[in-house]
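Q: Below, each chain spelled out in residue letters.
Number of protein chains: 2
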Amino acid sequence: MGKIIVEVMLKPEILDPQGQAVGNALPRLGFTFAQSVRQGKRFEIEVAGEPTQAMLADVEKAAEEFLANTVIETFVVKVEK
Amino acid sequence: MGKIIVEVMLKPEILDPQGQAVGNALPRLGFTFAQSVRQGKRFEIEVAGEPTQAMLADVEKAAEEFLANTVIETFVVKVEK
Numbered sequence: 100m101g102k103i104i105v106e107v108m109l110k111p112e113i114l115d116p117q118g119q120a121v122g123n124a125l126p127r128l129g130f131t132f133a134q135s136v137r138q139g140k141r142f143e144i145e146v147a148g149e150p151t152q153a154m155l156a157d158v159e160k161a162a163e164e165f166l167a168n169t170v171i172e173t174f175v176v177k178v179e180k
Numbered sequence: 100m101g102k103i104i105v106e107v108m109l110k111p112e113i114l115d116p117q118g119q120a121v122g123n124a125l126p127r128l129g130f131t132f133a134q135s136v137r138q139g140k141r142f143e144i145e146v147a148g149e150p151t152q153a154m155l156a157d158v159e160k161a162a163e164e165f166l167a168n169t170v171i172e173t174f175v176v177k178v179e180k
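So the sequence lines, in the order shown, correspond to chains A and B. Note that the working numbering gives residue 136 to position 37 of the first sequence, counting from 1, and the numbers run on in steps of one. Note that the working numbering gives residue 132 to position 33 of the second sequence, counting from 1, and the numbers run on in steps of one.
Everything labelled a hint here was simulated from the structure, so no lab data went into it. No experiment lies behind these values; they were computed from the predicted model shown. Honestly, I wouldn't trust all of these hints.
Simulated crosslink set (DSS-like; lysine-lysine; CA at most 27 Å straight-line) [what the hints assert, rightly or not]:
id, chain 1, residue 1, chain 2, residue 2
1, B, LYS140, B, LYS160
2, A, LYS160, B, LYS160
3, B, LYS140, A, LYS160
4, A, LYS140, B, LYS177
5, B, LYS180, B, LYS160
6, A, LYS180, B, LYS180
7, B, LYS140, B, LYS180
8, B, LYS160, B, LYS177
Starting from the given sequences, assemble the full structure and let the hints guide the process.
A: So, in structure tokens, the structure goes:
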């Protein structure tokens, strides 16, 4: 069983109120490491056997059409080792 | 500027209706690669300079206390290269 990961994040120029809320809450809780925080989505897709190039191309297409809103989001497709 | 990533996913034994909805929708859209889909969160934390061990320990603590609900979720802290 292989795993393909799709990471979806808002584009840098798009305001991210969820990430900002986290970024603002951290110092109040005593955590001072963050300059900024952005929050996105992560899909773990289990596939039968080792991920093939054809599968990855298909996942890329699904991400483009369906998992991400490419007007405001970017995505990355990865194979989990 | 360094980047630390926190990935938060529901534990395998916890029902994930969001992931299931995606997993059910994919075949309807003609995508047959997925055996199962799970959906989680991804935090991108920008830190000043290269992430240090102390910073990572702090992020780990923040994830444990605040970014993840460790009753139902697991998290992974990574440095983005």
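Q: Please list, smallest to largest, the hint numbers that this structure does not respect.
A: Checked against the structure, the only hint that fails is number 2, while the rest are satisfied.
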